[in-house]
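> Spelled out, the chains give:
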Amino acid sequence: MQSAFKRTLREAFIATTPVMAGYIVLGMGFGVLLSTKGYGPLWALAMSGFIYAGSMQYLAIDLLTGGASLITSALTTLLVNARHLFYGISMVEGYRGMGKKKPYAIFALTDETYSLVCQDKHPTQEERHQYAFLVSVLNQCWWVGGSLIGSLLGEVIPFDVTGIDFALTALFVTVFIEQWLSTRDHASAIIGVAASVGCLMIFGADSFLIPAMASILLALSILRIVRKEAAHG
Amino acid sequence: MDNLHSALIVAVVALVTIGLRFLPFVIFSGSKQTPPYVAYLGRVLPYAIMGMLVVYCLRNVNVSAAPHGLPELLSCLLVAGLHLWKRNTLISIVGGTACYMLLVQFVFV
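Each protein sequence line maps, in turn, to chains A and B.
Residues in the first sequence are numbered from 1 upward in steps of one, following the numbering used here.
Residues in the second sequence are numbered from 1001 upward in steps of one, following the numbering used here.
Just so you know, these hints were derived from the structure itself, not from any lab.
Every value quoted in this text rests on a predicted model; they were computed, and no experiment measured them.
It is possible that some hints are incorrect.
[As the list claims (entries may be wrong)] Cross-link-like lysine to aspartate or glutamate pairs, in silico, EDC-like; alpha carbons within 16 Å at most:
#1 A:Lys100 to A:Asp62
#2 A:Lys37 to B:Glu1072
#3 A:Lys6 to A:Glu178
#4 A:Lys121 to A:Asp160
#5 A:Lys102 to A:Glu127
#6 B:Lys1032 to A:Glu93
#7 A:Lys6 to A:Glu126
#8 A:Lys37 to A:Asp62
#9 B:Lys1086 to A:Glu178
[Stated by the list, open to error] Facing chain A, from chain B, some residues (calculated, C-beta under 7 Å):
#10 Leu1008
#11 Val1016
#12 Leu1053
#13 Asn1060
#14 Ile1091
Yeah, the Cβ is synthetic: ideal placement off N, Cα and C, and Gly gets one too.
Between the sequences and the hints, there should be enough to build the whole structure, so can you do that?
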């Protein structure tokens, strides 16, 4: 039992190392920026502990310094983080029966955690749940650690890390390729890319996510109906 | 007063984020069985989501001005190439990220 836990922990640790690189650096960037606006380590800790959503926390700095209204804050969060609905929908089945670990695993379901757990191939449900939980905990450790370091140290990073956040983009690209190779049915992957690129061109970088999500849902629903009819045809 | 408003903003952002993360589970976990439509989405969504996330990461790339997204394009191609070759996530990510850092720090400055 103990050794099974250790093995899963080691696997989770190795899997999260790219996230570690991205989260620690982005977390530090967040901590530094927050502290330059006059919000110290406790604020960094509270935000990375309770919000735990990368790009939203960067935006929240603007909300804080601009003294945004609570309604504006809520709406901004709704628009930026609506994509998390997708992660939930696609993990409803996977996280079923997870027990006490489930609330935390749902709370900590970030882009990066999702990309690691959605492709998990452990043979038993117990292992998958254990793995998902450990990945969630480790990832948040990297994020909270990074924000705290950034907040405490300020701008004294010893070398130029410009561009290291590309690690997260690279992670998504590898997951995308893994998924592409794992199936011969590429309809959903193509829909995801096409809808996102299309909506990005139409609506622009700041507001393409929601239309993209809606188009993806619509396209996948149509696909289901068409294929069902074809199967019965 | 100012600190209180800031704390409230943090609380609102946290609560909305948590709400979005929990909502699907609250709606669909109650029933013994996941509704077929949701189960279908659970099967096919991951593929679409990863495509969407890659685009989301690259959303601020400006193709019409120099360097026309070249650092991103070249680094993504390297990640893909490395990954198709070795199938090792770490190698792909470290290689692609190193390439991107070199490009944005020294080549396309």
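> Would you list, in rising numerical order, the hints stated earlier that this structure does not obey?
Hint check: 1, 2, 3, 4, 14 fail, others pass.
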